[in-house]
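Same order as they appear, the protein sequences are chains A and B.
Per our numbering, the first sequence starts with residue 1, numbered consecutively.
Per our numbering, the second sequence starts with residue 1, numbered consecutively.
Keep in mind that the hints were calculated from the coordinates and are not lab data.
Some hints could be false.
[Claimed, not checked] Just a few of them, taken from the derived set where beta-carbon distance is under 8 Å, the chain A residues facing chain B:
(1) R34
(2) G39
(3) S43
(4) V153
(5) W185
(6) D188
(7) L242
(8) Q277
[Unchecked claim] Here are the simulated PhoX-like pairs of lysine-lysine, each with C-alpha atoms no more than 25 Å apart in a straight line:
(9) A:K247 / B:K44
(10) A:K128 / A:K144
(11) A:K411 / A:K460
(12) B:K10 / A:K67
(13) B:K25 / A:K177
(14) A:K177 / B:K20
(15) A:K452 / A:K431
(16) A:K134 / B:K25
(17) B:K25 / A:K244
(18) B:K20 / A:K272
(19) B:K57 / A:K184
(20) A:K184 / B:K25
(21) A:K61 / A:K106
(22) A:K439 / B:K57
(23) B:K25 / A:K37
(24) A:K148 / A:K338
(25) A:K247 / B:K20
(26) B:K57 / A:K272
(27) A:K255 / B:K20
(28) A:K28 / A:K128
(29) A:K423 / A:K411
[What the hints assert, rightly or not] Computed footprint of chain A on chain B, listed as stretches where at least three residues anywhere in the stretch have a Cβ under 8 Å from a Cβ of chain A:
(30) 32-43
(31) 54-64
(32) 73-86
Note that CB positions come from ideal geometry on N, CA and C, so glycine has one too.
Spelled out from the first residue to the last, the chains are:
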Amino acid sequence: MNTYDIIIVGGGPGGSMAAKTAAELGLKTIFFERGRKPGEKNSSGCGLGPRMWKEFPGMMKDLTPEKCPSMRAGTAARCYFVNKEDKVAGYVMSRPTESVSYEPAKSWITMNCYRSEFDPWIADFATKAGAELKNSTLVVNLLKENGKICGVVDEHGEKYKASIVIGADGAISMVAKQSGLRTKWSQDQITVCPQYDFQAPPEKIDDIMGDETLAVWWGSTFPASYQVFFHDGFHQGLGNWLTKWDKNPLFYLNKVINLKYYQRLLRILEAKPRELQSHLLPWLQYPYNTHTDGVILIGDAGGFPCPLEAEGIYPAMVSGKIAAEVAADAITFDDVSKNGLSKFDEIWQTTSLGDDFEAGEELYNIWRAIPFSPKETMTWFIPMLMEALGGIYDWSQPHPNRIRQIAAKIKSYMPQALPFMMKYVFPLVAKIFEDDLDKMMDPQKLMTALPKVMEMLPKKKKRRRGT
Amino acid sequence: MEIRRDELTKHISGTGDFIKIDQSKCNGCGLCARICIVNLWGIKNNVAFIREDYKEKCLECGSCYQVCEPSAIDFSYPAGGTGVVYEQG
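Looking at chain A on its own, in the form it has when it is part of the complex:
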């Protein structure tokens, strides 16, 4: 029998972070990876935000192009708006705005790198801290004694004993299933994301994309599709909840690839398809059932991807670190019961993870309703937005006439837009500003402010020309 203090199933960023933390706290630690090395099975191509450097400064300063050649940071992001005729109706490129307060976040938005490089890099921290990494090993079951979880069993029947098991084993988590925490996600809690990796010469990417790091292609006939640029290639992928597919997901991804605009981009970037990938990604309103006697679930296994954009690396690392700290305490105080491990929830809820999930339900709802219901919403949302952004480019008539036409057209979308705002936008705004809402909605204040606003509105059309 192999005996440890803590066993971690999974060698992704969450598992490695848990293993590193546990080893540093003096626990005898082992973590398992089913690939020949960490990252070999993963395809989320991470875009690391400045929050990674804020939260893990010591580690992140060690991430260099020598160790991670696919690294590419960028300052700008682009949103393409594609109408129901599959034409790029417009796009907006943006960079960090004046309200950004964290200094490094002013000069770049994400650092992108392939998981095949990032995951081994982070696993190294764990092994250097003294954790044992077992590659090429599939953990198939939990070890139980008198109904109590006390370790794991690998595919060869080898047993490993420990008082705590951390499930860092991704969207389809054996640890979640065997511990009774969850048999399966329900269909509206999980998305599938197919993606292509394209190869492109680094100098072409730099010349053509400049300092752009990512793009979102907002479609009217396909769910929103993301594009992430690496040193010598880029990902183009899309996802949607399993309830939402009426055709094969690749049909929709190929729609993006076959946009005339996209084909032109591929040509000028000299891009060639290099790899086809697919992964599941939990996307929840709020993580739940994260722990039980002797077990904590982290990262994707625990349902932690961010409810705004479903980025999962950072939440995996933060939840992994917290889980290991809670586990170390639980071992010290000899209480690995569900109750003892409930500190895990208490702690993550007070961190940036908890903050991100504060409006998780509202974000989840609005997101499902806009880019991930393209036919229902984007078919009117994109033309409405484009009226506002680009309607003025019409030199066929006097500009005031044109502005009235634009306003009338925007007004014609209101039967769709207003219920949408009532149902999805207001609840989100109300949730995010709930502390101030009473003040903002104070009838007396509204009544003193409103007449002033009304006075400012012109009562009748003034003629400028001489009488």
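For this one, chain A is given, so just place chain B on it according to the hints.
Structure of chain B alone, referenced to chain A:
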């Protein structure tokens, strides 16, 4: 643009049988066939079947398992160190 899917994936052999279908539980809904990115599922006589060469094609995303309402599909991962490899994941 026609992308040749088969040339874009890399697999290591020796996976063992990691996807199983209990045809008695299958209701023939066809969701597995619809969701699989690499089209490994088919429906015959109102029952799902998986292509014989799935071990060399599967991307291991687990969508078929996840989408199957009657839980007719059992999915475990391939043996450690085998199956799909992502070099630019």
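Handout entry: Violations among the numbered hints
Key = Hints 4, 6, 10, 15, 16, 18, 22, 23, 27 not satisfied by this model.
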